[in-house]
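Each chain is listed here by its residues.
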Amino acid sequence: MQTAEFLIEIGQYYLMAGGVVAALFLVIGIDRIEPSSRGSYAFRPLLIPGICLIWPLVIYRWVVLEKHGEARR
Amino acid sequence: MSVQYTPVIWNRNKIFYDAVLLIAVALYLYIFIRVGPMFEDVTKPIDGAILRMRAFGSCAFLMLTVILCIGPLARLDRRFLPLLYNRRHFGVMTAGIAAVHANYVLTWYFNFSPTDRYVALLSSNTNYGQLLGFPFEALGIAALIVLFVLAATSHDFWLSFLGAPIWKALHMSIYAAYAFVVLHVALGALQGPADPIFTSVVAASVVLVCGLHFATGRMEARRERGEQTAKASLQEAGWVVAGELEEIDDDCAKVVTLTEDERVAIFKYDGKLSAITNACAHQNGPLGEGKVLWGCITCPWHGYQYNLADGRAPEPFTEKISTYRLKLIGSTVLLDPNPQPPGTYVEPVEIGEAA
Ligand code: HEM
Ligand code: FES
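From first to last, the protein sequence lines stand for chains Z and C. Sequential numbering of the first sequence, starting at 1, is according to the UniProt record's numbering. Sequential numbering of the second sequence, starting at 1, is according to the UniProt record's numbering.
It is possible that some hints are incorrect.
Said to hold, decoys possible - Just some of the chain C residues that point at chain Z, by a computed CB distance under 10 Å:
#, residue
1, VAL149
2, ALA152
3, THR153
4, ASP156
5, PHE161
6, LEU162
Rather than coming from a laboratory, the hints here were simulated on the basis of the structure. These numbers come from a predicted model, not from an experiment. Idealized CB from N, CA, C, for every residue including glycine.
Please put together the full structure from these sequences, using the hints given.
Following this line, the structure appears as structure tokens:
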């Protein structure tokens, strides 16, 4: 029982952290690193679930693309 | 700058595809829920929620099976390619159907216990050490998480943002999801009272998915070997490997250096390949840096033009340059280093499927 509660709690915190990353990324990050998304907003909410689920990977790619730009695509 | 992103790009084919898919899913669920009860054991009637849970679970399983078959089928026979184009909506729908299945489990089996449903789901069975009575729900959860991640990262944005290698690696985990689901079913539903239809459907699915992948793997290995031999024999006959097809951009050339003063420009245009000498008949301008228009190359220096297929300047001009023979083996471009006499027509190589 305790393990289950613990796992669920971890899952909740993970998704919450994802929500924070999603907010930051969709407001700041995406325009900086993805030229095709500049000026288009309708598709952004669609990305929220994905960011919540794989936010560590999102941060990693964000950092890589900030550092190396288009070259690393 | 590329095209801007939109939530979903629709076109006629996709709408048709999605409509067929939705109708098929609805039909399946309807039949399962309506007709299924007629076959059940009258002494052990199933109530509605369990029946619907099973309908959605088996529907998701079958959809996953179809998704995994589309890839190899399209490689075996190009007529299946249209199925491949819209696999993404198929996948998203599968994740949705699987989620409904899981939700029935949560609201039915665990709704009446005082503990939190999610806690109850995770803690009701923790016999991870045993095969019989294994907590197969955990396998279902694992599969569902994978399906969610894949559905959530199916937008074009993700392919571009993560980069093709990471995106592809991520989406290969669909196979892990399938394995989880097969185990989820094998250790769960199939352990209950024997149901020959369902058991054989699951077995047939596994055989089909594995068989198709095995068959395409063999076919591709055989084709690869064939290409290797073809390449080797051409090279024996003196042909040189000029490079890979994807090295050449559309309407551009790759320049291959044969000797110090013999360079060949290999052009990709209109789905074809043609090779001419890189030296313009006028003052040796670099034709490989020129522009292709209507199958003609324009020299970047003073604008002389030549047909790529025969190396002749269009009427009324009379300049001629050497052409070269090409062969495409798989995606490798091979070049006969012996120039054809200036103005000789050489049939352009159709790129076709390898493109
Ligand atoms: C949170 C995730 C999931 C949970 C908790 C869950 C739970 C269950 C449960 C309790 C059963 C009943 C087993 C029995 O009758 O003994 C079941 C059956 C089944 N599940 Fe899941 N499942 C999950 C995810 C999935 C997914 C993702 C799929 C497929 C893509 C799936 C496919 C099936 C199938 C095909 C059955 C058998 C249905 C039948 O008896 O006809 N499940 N699942
Ligand atoms: S060198 Fe090609 S046009 Fe003059």
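Hint-by-hint comparison with the structure:
The criterion of a C-beta within 10 Å of any C-beta in chain Z is met by VAL149 of chain C, whose closest approach is roughly 5 Å, and the hint holds. The beta carbon of ALA152 of chain C comes within 4 Å of a beta carbon in chain Z, closer than 10 Å, and the hint placing it at the interface holds. Interface restraint check: THR153 of chain C against chain Z, minimum CB-CB distance 5 Å, threshold 10 Å, status holds. Given the 10 Å rule on beta carbons, the hint for ASP156 of chain C holds: about 9 Å separates it from the nearest Cβ of chain Z.
Checking PHE161 of chain C against chain Z: minimum C-beta separation of about 6 Å stays under 10 Å; hint holds. Nearest Cβ of chain Z to the Cβ of LEU162 of chain C: about 6 Å, under the 10 Å cut. The hint holds.
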